[in-house]
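Chemist: Could you put together the complete structure from these sequences and hints?
There are 4 protein chains.
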Amino acid sequence: MGIRVAVAGASGYAGGELLRLLAGHPEFDLVAATAHSRAGQPVAGVHPQLTGLDLVLGATEPAALADADLIFLALPHGQSAALAAALPDDAMVVDLGADHRLRDANAWARYYGGAHAGAWTYGLPELPGGRDEIAAARRVASTGCYAVATTLALAPLIAAGAVRPDDVVVVAASGTSGAGRAAKVHLLGSEVMGDLSPYKVGAHQHVPEIKQATGATGLSFTPVLAPMPRGILATVTAVPTGDADPRAVLAAAYADAPFVHLLPKGAWPHTAATAGSNSCHLQATVDVDSGRVIVVSAVDNLGKGAAGQAVQNANLMVGLPETTGLSVYGVSP
Amino acid sequence: MGIRVAVAGASGYAGGELLRLLAGHPEFDLVAATAHSRAGQPVAGVHPQLTGLDLVLGATEPAALADADLIFLALPHGQSAALAAALPDDAMVVDLGADHRLRDANAWARYYGGAHAGAWTYGLPELPGGRDEIAAARRVASTGCYAVATTLALAPLIAAGAVRPDDVVVVAASGTSGAGRAAKVHLLGSEVMGDLSPYKVGAHQHVPEIKQATGATGLSFTPVLAPMPRGILATVTAVPTGDADPRAVLAAAYADAPFVHLLPKGAWPHTAATAGSNSCHLQATVDVDSGRVIVVSAVDNLGKGAAGQAVQNANLMVGLPETTGLSVYGVSP
Amino acid sequence: MGIRVAVAGASGYAGGELLRLLAGHPEFDLVAATAHSRAGQPVAGVHPQLTGLDLVLGATEPAALADADLIFLALPHGQSAALAAALPDDAMVVDLGADHRLRDANAWARYYGGAHAGAWTYGLPELPGGRDEIAAARRVASTGCYAVATTLALAPLIAAGAVRPDDVVVVAASGTSGAGRAAKVHLLGSEVMGDLSPYKVGAHQHVPEIKQATGATGLSFTPVLAPMPRGILATVTAVPTGDADPRAVLAAAYADAPFVHLLPKGAWPHTAATAGSNSCHLQATVDVDSGRVIVVSAVDNLGKGAAGQAVQNANLMVGLPETTGLSVYGVSP
Amino acid sequence: MGIRVAVAGASGYAGGELLRLLAGHPEFDLVAATAHSRAGQPVAGVHPQLTGLDLVLGATEPAALADADLIFLALPHGQSAALAAALPDDAMVVDLGADHRLRDANAWARYYGGAHAGAWTYGLPELPGGRDEIAAARRVASTGCYAVATTLALAPLIAAGAVRPDDVVVVAASGTSGAGRAAKVHLLGSEVMGDLSPYKVGAHQHVPEIKQATGATGLSFTPVLAPMPRGILATVTAVPTGDADPRAVLAAAYADAPFVHLLPKGAWPHTAATAGSNSCHLQATVDVDSGRVIVVSAVDNLGKGAAGQAVQNANLMVGLPETTGLSVYGVSP
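Chains as they are written, first to last, in full-length UniProt numbering: chain W, 1 to 333; chain V, 1 to 333; chain S, 1 to 333; chain G, 1 to 333.
Treat the hints with care, since some could be wrong.
Since the list gives no way to pick out one identical chain from another, each pair is judged satisfied if it fits inside one copy or across any two copies.
[Stated by the list, open to error] When the alpha-carbon atoms are kept at most 25 Å apart in a straight line, the in silico SDA-like pairs for lysine to any residue are as follows: (1) 200 x 248; (2) 200 x 77; (3) 265 x 185; (4) 200 x 182; (5) 265 x 37; (6) 184 x 38; (7) 184 x 37; (8) 184 x 240; (9) 265 x 52; (10) 184 x 79; (11) 265 x 201; (12) 265 x 55; (13) 200 x 251; (14) 184 x 78; (15) 184 x 267; (16) 184 x 200; (17) 265 x 58; (18) 265 x 139; (19) 200 x 106; (20) 200 x 183; (21) 200 x 245; (22) 200 x 167.
I should point out that these hints are in silico values taken from the structure, not numbers from a laboratory.
Modeler: Quick look at the structure:
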């Protein structure tokens, strides 16, 4: 008899990936999945890739989730706080949305608006002390996709004092699933194929999360929509403080992390190699002309960037090995 | 202690997918992988998506494979027969290539050329009696990707006498991984993105395999290269002999097949829903204008079309449930 | 001083392509463009590729178009008839929609529904007598994209008696722009990239147009959505009546057609080669196994399949060379 | 009778685009095209999108080009200098390769190696004085694709003193045609679709060209290969020196440039809108968190980034309006 889990907000892309992972998880029993506007429909009608999964979507309300020992919230930003407040105290909760990530209420107000629900334990196990904090928590705010890609590349360098925190420049490109499943003209296949398109330039809502998680104090972050369904490639540059080898810093930080791989010298991360996995690939160098440290990271935005990360957190919360039911290997080509 | 398995020809796309499946298989121990020109290199250098898999490629020769109980051959067409002949008699062998699929030596000579190595047990478990034959075999010729997509759509209809075998028209489009990993200008990303390109029109080497497996006697088969990495969509049309409902015939044929899914009425297979899985999705109707039966099937050419199919066969050969280590669910979007 | 032209329904993909062609046309002056829901916006805000074109969209009503000598209608199916009826009698009109293509009111009722507006001169210049009819017409119904790809491949063979008209099988795949610019979940980039997806299988509304234009009496037509923005590849098979060489028939039919190219033997059409052009590429063979004639055609669905075709018709109507302002050459890669 | 032009190195992607532009140019007569390994083949066999162009490729040697008034060199880097030296003195030459771009022999030696051929007039008309210099030149080194995208975004800001030249960070992603047409495994469609892949991180050969053209003294430049055939999106960030509005600086710099478009506030450049055109789209803002200036530019790497730029230069050299035979508008979707 496994641990009973449920998913609220299962009709989006992160929700679908979460269902895929949970359906194949050896210790979790998927007992319920809900979706606001698709309640009553079989999962396979909403996610044809899950054909064979015999489950009907329920309405997104506390009663539909009450049977579960652990509940995943995969709702649009701003919608999980209210639902979370109505869930039983003894249920463990992993929120894939942004509602409980920020400790700074002002930053929440500025980038998201509305009341700040308060911060939960931040769900990035690879941060120092992360595993223990998550294992002890009943409520975990899983990371944003851009934040995880940037933080894994940058946080150890700032923590080690190897780079200055006040002049960080990040350009990160994401596959279109990161923009969600709502029908919008600018996300049509005809518009995105063959196209690279920057958005929210100069003021992206992920900036406060990235600063909080990395310790950066000055951050220029430009996101770009790329013509592929999945994947984030983050190019992170910062000014070194001395001669520390950024590869050595990263290698030490992730020596025991099963999902974070510093590639051999000369090999650079690329997104396809992480698709379908929970892995993050990293590489670093020092730019010969500018002297800046350049770190590149690649993740699957729906994997380590969302659903895989959430399952990793859930594994820790219930005392399982963090790798249970997750794949280190990508599905490629 | 699991069953010891090895892969010969591990540097191509089917080989990489096979390694991914075997590395995650709960009952198989991957003890060796070989590749002609990449011998001595770590697997992750050739397949970055397998970063974390600690294995070095060996040379493709019998000695490198001798430790295995079961050997997968993922070599170019025409190269597996010689290697197979040099393997120990007590090793089980699954060949992903074409060398041992055709029973008709003339068809081999016509479409492939060279000496005919003779036919092995044909590795499509969903054919009538297929599971038992494969379970009893020591040598299995796993199916071609186009053949599996077409055969699962068509064979039950011909076997049931529901359609005429002498006037079958198939147009099937494949993702580019089906064309292999050799560097060729017409397979460059710049050439294939945005492009649909037919090839070998009027005389494709998969025709005799499809005829053998389906019982078709007259077959027009046109393959098309499509701008995506994975997936085959086969549109199969044939002339009905009477009023049999093609959906009912297919439903009966696959009632006990865990990987073949006849979709609910009105839902049509599409390739993305099968990506990364070992599933085949099917749908059928009768064309209102021409009266022809139309069956559409979708598979992942590297999954049910190659590596997944090979693992399914191997599971049966060693007495495991056929689904062991394989996923019914696709990785999508 | 050129011929004054206007476009009604300029916010969709065909409308945008039409504006591009008209803005570069040496004899046409683009005096107005309208769009229902985008009226008042600059063209470049709706079609960023037309940045630099100084024109504001008007409301789609007769008054906004009255200044033009020739009016293009690029409206959704079912909407052009009403507008056309309200236009001045002395204005020439080219309709890119389906409203005036079908001569058979029953076929209209069955596939489109609503009142049948009556047929206009069919705008495919390459049909026998087509150029003269179009040159003499004041109202022209330009072809559908699937119809032009299929008709150019098939019509000469039926007209010459080289193939039987009663057993034609067509599978045609289209880029996503053929599905329009309305925001729909199944057309999102995340859904279409990596995906081949058949639709309206067994009963597509283009069947009556194709039958009317080709003379086919029995037609199985299966359309497939392909992961690319533009292009149609049609695979047309039919039963030969004798030994006529299909290449010879096609070569004769298009000897004087500047936009229809029978490729050299062994070269097969592919869509990317026609992107951005008004060309159709053709090739034909006889299948060695089935004996069926296979003809493959490629067009740009927005070019020869829509906007380019419309401009070609307009050129003929006003007495210009049919190639004026159109490109034989594609934009590739 | 037009100006006689020829293309050396016509079998690559830039060469193909150049042939397309020249075939449609109203004042240029394309009299010869050469290609090392494809000599003797018809152009349409090498570039199917140019079906209908009746021209056979010659061998790449001076005699084959001697008839032309103006010769375009579209050869691999390092190969044009030798050919150029053997051309008649009275022939005008536009080199699309890197051989004659760098004034600094040391930079050439460091990034390219081999003898430095010496610098020609740099072919970027939009630089201050550029048009006049090019109009007066007989030998012009046309820009690199990354250089043009970066320079148009950055040069006016440095020239105006609006940003510091010593701390510029650029991340630029290119479509795959920028990587050329040589058959390489990492450029196969199966590898690039769904993938973002950085390359030459920390030491790219375009750095000295960009520094020379922009006046930057400290430059971190990271190129990324993106899953699309065409297009470059450059994200350029720099530290402002004061309160100058970067939009105002750019608007002033390009007030008379027909191909460079500063988009309306709030609209950001994206690559698809420039595909097939000779345009560059620009937008700028100041990052709210870091205070850095962010400028984004989009070009077609084969258009304004290569072939279109070369034709624009040629137009100026022969005294034609710079826009002759070039399109401001993109082909999209």
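Chemist: Work down the list of hints and note, for each, if the structure agrees.
Modeler: Against the structure, the hints come out as follows:
Within a single copy, residue 200 and residue 248 get their C-alpha atoms only as close as 34 Å, which misses the 25 Å cut-off; across copies the closest is 20 Å, which meets it. In the homo-oligomer, the alpha carbons of residue 200 and residue 77 lie at most 25 Å apart inside one protomer (16 Å), although the nearest pairing across protomers, at 36 Å, exceeds that limit. In this assembly of identical chains, the alpha carbons of residue 265 and residue 185 lie at most 25 Å apart only when taken from different copies (20 Å versus 42 Å within one copy). In the homo-oligomer, the alpha carbons of residue 200 and residue 182 lie at most 25 Å apart both inside one protomer (18 Å) and across protomers (23 Å), since each shortest distance falls under that limit.
In this homomeric assembly, residue 265 and residue 37 come within 25 Å of each other (Cα to Cα) only across copies, at 22 Å, whereas the closest approach inside a single copy is 48 Å. For the homomeric pair residue 184 and residue 38, the shortest alpha-carbon distances inside one copy (18 Å) and between copies (15 Å) are both at most 25 Å. In this assembly of identical chains, residue 184 and residue 37 lie within 25 Å of each other by CA distance both inside one copy and across copies; the values are 17 Å within and 15 Å between. For the homomeric pair residue 184 and residue 240, neither the shortest alpha-carbon distance inside one copy (42 Å) nor that between copies (35 Å) is at most 25 Å.
Proximity of residue 265 to residue 52 under the C-alpha cut-off of 25 Å is restricted to the inter-copy arrangement: shortest distance 15 Å between copies versus 43 Å within a copy. Within a single copy, residue 184 and residue 79 get their C-alpha atoms as close as 20 Å, and across copies as close as 23 Å, so both meet the 25 Å cut-off. For a Cα distance limit of 25 Å, the shortest separation of residue 265 from residue 201 across copies, 12 Å, qualifies, whereas the shortest one inside one copy, 32 Å, does not. Taking the closest pair of Cα atoms, residue 265 and residue 55 come within 25 Å of each other only across two copies (18 Å); inside a single copy the shortest separation is 46 Å, beyond that limit.
With identical chains, the CA atoms of residue 200 and residue 251 are at most 25 Å apart between copies only, with a shortest distance of 22 Å across copies and 33 Å within one. Taking the closest pair of Cα atoms, residue 184 and residue 78 come within 25 Å of each other both inside a single copy (20 Å) and across two copies (24 Å). Taking the closest pair of Cα atoms, residue 184 and residue 267 come within 25 Å of each other only across two copies (17 Å); inside a single copy the shortest separation is 37 Å, beyond that limit. For the identical chains of this complex, residue 184 and residue 200 are neighbours both inside a copy (16 Å) and across copies (23 Å), given an alpha-carbon limit of 25 Å.
Proximity of residue 265 to residue 58 under the C-alpha cut-off of 25 Å is restricted to the inter-copy arrangement: shortest distance 23 Å between copies versus 49 Å within a copy. Neither within a single protomer nor between protomers do residue 265 and residue 139 lie at most 25 Å apart by alpha-carbon distance, with minima of 39 Å and 42 Å respectively. In the homo-oligomer, the alpha carbons of residue 200 and residue 106 lie at most 25 Å apart inside one protomer (19 Å), although the nearest pairing across protomers, at 40 Å, exceeds that limit. In this homomeric assembly, residue 200 and residue 183 come within 25 Å of each other (Cα to Cα) both inside a single copy, at 19 Å, and across copies, at 21 Å.
Taking CA atoms no more than 25 Å apart as the test, residue 200 paired with residue 245 passes between copies only; the shortest distance there is 19 Å, against 33 Å inside one copy. Taking the closest pair of Cα atoms, residue 200 and residue 167 come within 25 Å of each other both inside a single copy (20 Å) and across two copies (23 Å).
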